[in-house]
Amino acid sequence: MSETSVGVAPVKKEERILKFNDLFFIWGAGQVLPTGFLTGGAIGAGISALSALWVSIASVIIGYLPLAYQGLPSAKYGIDQYVACRPAFGIRGSWLGSLLILITNAGWVSVMAVVCGASADIVYQHYFPGQSAALFFSIVGGIVIPLLIGIWGPNVIRLVEKAVAPVLLILSAVIMFAAIRAAGGWSGLMAIPPQGEGSIALSMEYGIAYAISWCPYVGAWTMLAKSEKAASWGTFLGLALVGSWFYLTGAVSAIYTGNADPTSWMIPLGLGIPALICLMGGVMAVNSLLTYSASSGLAQWIPYFAGRYKLSYVVAILPALPFIIWSQLVTEYGAWLAIIGALWGPFFGIFIIDYFFIRNQRYNIKEIFTKKGDYWYWGGFNIFAIAIWLIGVKIYYMILDGPIFSYITATLPAMAITGLIYFVVAKVILKKIGKGGY
Amino acid sequence: MDNADEKILLIPESEFDGYEIENLKMQDHLGFLLLTIISFLCVYLASRSI
Chain A
2 MSETSVGVAP VKKEERILKF NDLFFIWGAG QVLPTGFLTG GAIGAGISAL SALWVSIASV
62 IIGYLPLAYQ GLPSAKYGID QYVACRPAFG IRGSWLGSLL ILITNAGWVS VMAVVCGASA
122 DIVYQHYFPG QSAALFFSIV GGIVIPLLIG IWGPNVIRLV EKAVAPVLLI LSAVIMFAAI
182 RAAGGWSGLM AIPPQGEGSI ALSMEYGIAY AISWCPYVGA WTMLAKSEKA ASWGTFLGLA
242 LVGSWFYLTG AVSAIYTGNA DPTSWMIPLG LGIPALICLM GGVMAVNSLL TYSASSGLAQ
302 WIPYFAGRYK LSYVVAILPA LPFIIWSQLV TEYGAWLAII GALWGPFFGI FIIDYFFIRN
362 QRYNIKEIFT KKGDYWYWGG FNIFAIAIWL IGVKIYYMIL DGPIFSYITA TLPAMAITGL
422 IYFVVAKVIL KKIGKGGY
Chain B
9 MDNADEKILL IPESEFDGYE IENLKMQDHL GFLLLTIISF LCVYLASRSI
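Residue numbers (our numbering), protein chains in the order written: chain A, 2 to 439; chain B, 9 to 58.
Just chain B, with the same shape it has in the complex:
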């Protein structure tokens, strides 16, 4: 594998800087949490109407 991989890429160490972007914010996590709560409500409604 290694020979083939070396054909694909040789990254100079200096190029490893500056790849990161910011993490997701708290409000986004809260949005997904809210959706999770809604989904459990939907499961409850589904079980009531089977």
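Okay, chain A solo, but in the shape it has when bound:
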């Protein structure tokens, strides 16, 4: 008892209330995001409409399959994602996940903020021709308003999300309909030759990397699942069905307009200012939602922030500011998705291999909350896991830049290779020296 101290308590079985339907709708609604349009736009660059259709289906299946499994430790033991990372990375080493989520949150928030700023600027220029204030609108719409929403806590965020999600879902249907109609029907869309540089591998990689970016959020909900079946199928189908629709909408619009940026679609598609305003609302909702998750990660990483929600929320959103001013993550959206794949793919490769193939789906739940126990490794850090993660990031870029990328893409192979290296190291070294409870 005296040694049992560190962490966030597991949820008891009787308190886990989410069934398949609940998880399906949580993830389905959570997937209704402008980022899906952007990713779809990237998928559609350089390939035909029919290829984009098949890629949209294939990349969501392959990309979200790891998530169906990765949320299972949280479901089995009722523990949050960061807590579930402790056996693999160490009780303190799991902070790596919290740090990564802060970095990636800054990127996503800035991407969305720039989309919001560009949308608002088009509306502004409509009423005040010749004037531009995109940066100002980016900061107000992407940071200030999400800050005002999120500061009131998760209930207000959920309310805003509930209001905005159906609007964006309708908008996606309208965009799809308008793009097909403008192209002269589906056959007209098919006849448009591929524009820009691209390939099936690159489009697949964008779809998969975007899917993997959901990994750090999964455990927060599957920890409340009634069964592993509900956790895996509810998460997978909710994310994959809505995700593929948004990919396809983005891809079709990008193929028709020749531009991957959603803000540039609305005028050519005849949707005008109301659509841009819907897009801006979506950005404000999603940025408050993402920052809420990042603030939870911050509280795990730096316990000073535990119980200081407002402060952690402000600190979590501010790193996005320089990225907004830089604004290159939108123009280089593909490179941003590659960063996501490089950071999170190897991280969850280690996590999944550790749980399923080394520990045979069994954690010692008491040790997860025990200082200087099985999962303490060296001062709370599994330095081998962290070093192998770094190697995995390097492996990702080696695959991405190499000739083999055209055949295997990069995120999933980097996940598998990193996990395999960790498997060997855990079996040969960690087990032998008695670290990690293997």
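It is possible that some hints are incorrect.
With a cut-off of at most 30 Å between alpha-carbon atoms, the simulated BS3-like pairs for lysine-lysine come out as follows [said to hold, decoys possible]:
(1) Lys433/A / Lys395/A
(2) Lys163/A / Lys230/A
(3) Lys163/A / Lys311/A
(4) Lys33/B / Lys367/A
(5) Lys227/A / Lys163/A
(6) Lys13/A / Lys373/A
(7) Lys33/B / Lys227/A
(8) Lys33/B / Lys432/A
(9) Lys14/A / Lys163/A
(10) Lys13/A / Lys367/A
(11) Lys428/A / Lys372/A
(12) Lys230/A / Lys33/B
(13) Lys13/A / Lys33/B
(14) Lys372/A / Lys13/A
(15) Lys227/A / Lys20/A
(16) Lys20/A / Lys230/A
(17) Lys33/B / Lys14/A
(18) Lys20/A / Lys33/B
(19) Lys33/B / Lys428/A
Since the hints were derived computationally from the structure, they do not count as laboratory data.
Knowing the structure of chain A, use the given hints to seat chain B on it.
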């Protein structure tokens, strides 16, 4: 960190029992395997229609 963490939680050892739920069944794994096969078929179709 430790002081702050202790504020969050002290779990009595007796409360560590009974947290586990059942693992995923074989039919679920087979379902995901089938989906994987379908996804490879989609990649093939995508490469044929570029």
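We went through each hint and held it up to the structure:
1. Restraint check for Lys433/A and Lys395/A: the C-alpha separation of about 27 Å stays at or below 30 Å, so the hint holds.
2. Proximity of Lys163/A to Lys230/A is assessed by CA-CA distance (about 26 Å); at most 30 Å being required, the pair is judged to hold.
3. For the hint pairing Lys163/A with Lys311/A, the CA-to-CA distance comes to about 22 Å; that is within 30 Å, so the pair holds.
4. The suggested pairing of Lys33/B with Lys367/A holds, with an alpha-carbon distance near 25 Å, which does not exceed 30 Å.
5. Of the supplied pair hints, the one linking Lys227/A and Lys163/A holds, its CA atoms being roughly 23 Å apart against a limit of 30 Å.
6. Only pairs whose Cα atoms come within 30 Å are accepted, and Lys13/A paired with Lys373/A is accepted, the gap being roughly 25 Å.
7. Between the alpha carbons of Lys33/B and Lys227/A the distance comes to roughly 15 Å, so the proposed pair stays at or under 30 Å and holds.
8. This hinted pair checks out: Lys33/B and Lys432/A have alpha carbons roughly 29 Å apart, not beyond 30 Å.
9. For the suggested pair Lys14/A and Lys163/A, the alpha carbons sit about 28 Å apart, so the restraint of at most 30 Å is met.
10. Simply put, Lys13/A and Lys367/A have alpha-carbon atoms about 14 Å apart, close enough for the 30 Å limit, and the pair holds.
11. At most 30 Å may separate the alpha-carbon atoms for a hinted pair to count; Lys428/A and Lys372/A meet this at roughly 23 Å.
12. Under the criterion of a C-alpha separation no larger than 30 Å, the hint pairing Lys230/A with Lys33/B is consistent with the structure, at around 8 Å.
13. Taking the CA atoms of Lys13/A and Lys33/B, the gap is near 22 Å; set against the 30 Å cutoff, the hint holds.
14. Proposed proximity of Lys372/A and Lys13/A is supported: the alpha carbons are some 22 Å apart, at most 30 Å.
15. Between Lys227/A and Lys20/A the alpha-carbon distance is near 6 Å, which keeps this suggested pair within the 30 Å criterion.
16. Distance check on the hinted pair: Lys20/A and Lys230/A sit about 9 Å apart at the alpha-carbon level, within 30 Å; holds.
17. Distance restraint check for Lys33/B and Lys14/A: the Cα-Cα separation of roughly 19 Å lies within the 30 Å cut-off, and the hinted pair is therefore satisfied.
18. Under the criterion of a C-alpha separation no larger than 30 Å, the hint pairing Lys20/A with Lys33/B is consistent with the structure, at around 16 Å.
19. Our distance criterion of 30 Å between C-alpha atoms is met by Lys33/B and Lys428/A, whose separation comes to about 26 Å.
Against the hints set out earlier in the document, no violation occurs for any number.
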